[in-house]
Amino acid sequence: MLLLCNPHNPGGTVYTKAELLAIHKLAEKYDLIVVSDEIHCDLILDDLPHIPFASLNEDAANRTITLMAPSKTFNIAGLGYAFAVIENSQLRQAFNKERAGLIASPNMLGLTAAIAAYEEGQEWHQALLQYLAENRDLLAERLSATPIKMLHLEATYLAWLDVSALGLDNPYQFFVDAGVGMSDGKDFGDANFLRLNFGCPKSVLEEAIQRIESALKTYQAS
0 MLLLCNPHNP GGTVYTKAEL LAIHKLAEKY DLIVVSDEIH CDLILDDLPH IPFASLNEDA
60 ANRTITLMAP SKTFNIAGLG YAFAVIENSQ LRQAFNKERA GLIASPNMLG LTAAIAAYEE
120 GQEWHQALLQ YLAENRDLLA ERLSATPIKM LHLEATYLAW LDVSALGLDN PYQFFVDAGV
180 GMSDGKDFGD ANFLRLNFGC PKSVLEEAIQ RIESALKTYQ AS
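Residue numbers 0 to 221, in numbering that gives the first Met the number 0, belong to the letters of the sequence shown in order.
One thing to keep in mind: the hints can contain errors.
What the hints assert, rightly or not - Mimicking DSS-like on lysine-lysine, the simulated pairs with C-alpha atoms at most 25 angstroms apart in a straight line are:
(1) K216 <-> K71
(2) K16 <-> K71
(3) K201 <-> K216
(4) K71 <-> K185
(5) K201 <-> K148
Said to hold, decoys possible - Computed Cβ-Cβ distance ranges for the label pairs, DEER-style:
(6) S163 <-> Y29: 22 to 28 angstroms
(7) K28 <-> S221: 34 to 40 angstroms
(8) K16 <-> C199: 29 to 35 angstroms
It is worth saying that the hints were derived from the structure and are not from the lab. By construction, the Cβ of each residue, glycine as well, lies at the ideal position given by its N, Cα and C atoms.
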């Protein structure tokens, strides 16, 4: 099995068709089922298309389980609604058999919220994307004056920050002590990175940035 996050979290990459086709070649070569997590596909901040992995060609469609949900985009994770798109009927039957007793079926409240979000939420969604892009750009601009490197992210509201230049023993704890709780990079394979959620009001983001800047000034002066 190949687990794919498209767009990527925490890198924020929106894969090109050429990149996805290269991944497909590997899946085809080793006869892999591709589980493509595309939950962030509605959160592309740059002018780039989302290409579902299963849409590449017939073989990709036959070997792909696409995971989707409105929970990230519309902030309704608490309603417990998600779905899988599986074109291959045999694979779909196997999926349903294995999930029995492990993964609950969607509830009516979550289903109703999802329908409302997808059918009526377009105007709100477009405003959200603009707001998130502004938050991303604000964060990037302010961090550019610090040793922290922020990789440009094309999608999601989760910034991937390289703090290796600071030489901290425990970057995660350092910023927690400064009043900024971020996701620890060690959970993603490298403790010299942190993941910051900027899907919040600008006032909250600005407060977080100020705390980061203050902590860095104190650290660099010591």
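| Restraint check for K216 with K71, where alpha carbons must lie at most 25 angstroms apart | violated (34 angstroms)
| query | Are K16 and K71 close enough, with their CA atoms no more than 25 angstroms apart? | reply | At roughly 24 angstroms apart (the allowed maximum being 25 angstroms), K71 and K16 satisfy the hint.
| Is it true that the C-beta distance of K16 to C199 lies inside 29 to 35 angstroms, as the hint says? | holds (33 angstroms)
| request: Given the range 22 to 28 angstroms, decide if the beta-carbon distance of S163 to Y29 lies inside it. | output: Violated, since S163 and Y29 (Cβ atoms, about 33 angstroms apart) do not stay within the stated range.
| Straight-line Cα separation of K201 and K216 no greater than 25 angstroms? | holds (22 angstroms)
| said: Range first: 34 to 40 angstroms. Now tell me if the beta carbons of K28 and S221 are that far apart. | reply: The hint (34 to 40 angstroms, Cβ to Cβ) is violated, given that K28 and S221 are roughly 53 angstroms apart.
| message | K71 and K185 were given as a pair; does the straight-line alpha-carbon distance stay at or below 25 angstroms? | response | Holds - the C-alpha atoms of K185 and K71 are around 23 angstroms apart, at most 25 angstroms.
| said: Between the alpha carbons of K201 and K148, is the straight-line distance 25 angstroms or under? | reply: holds (20 angstroms)
Of the hints listed earlier, those the structure fails to meet are numbers 1, 6, 7, in rising order.
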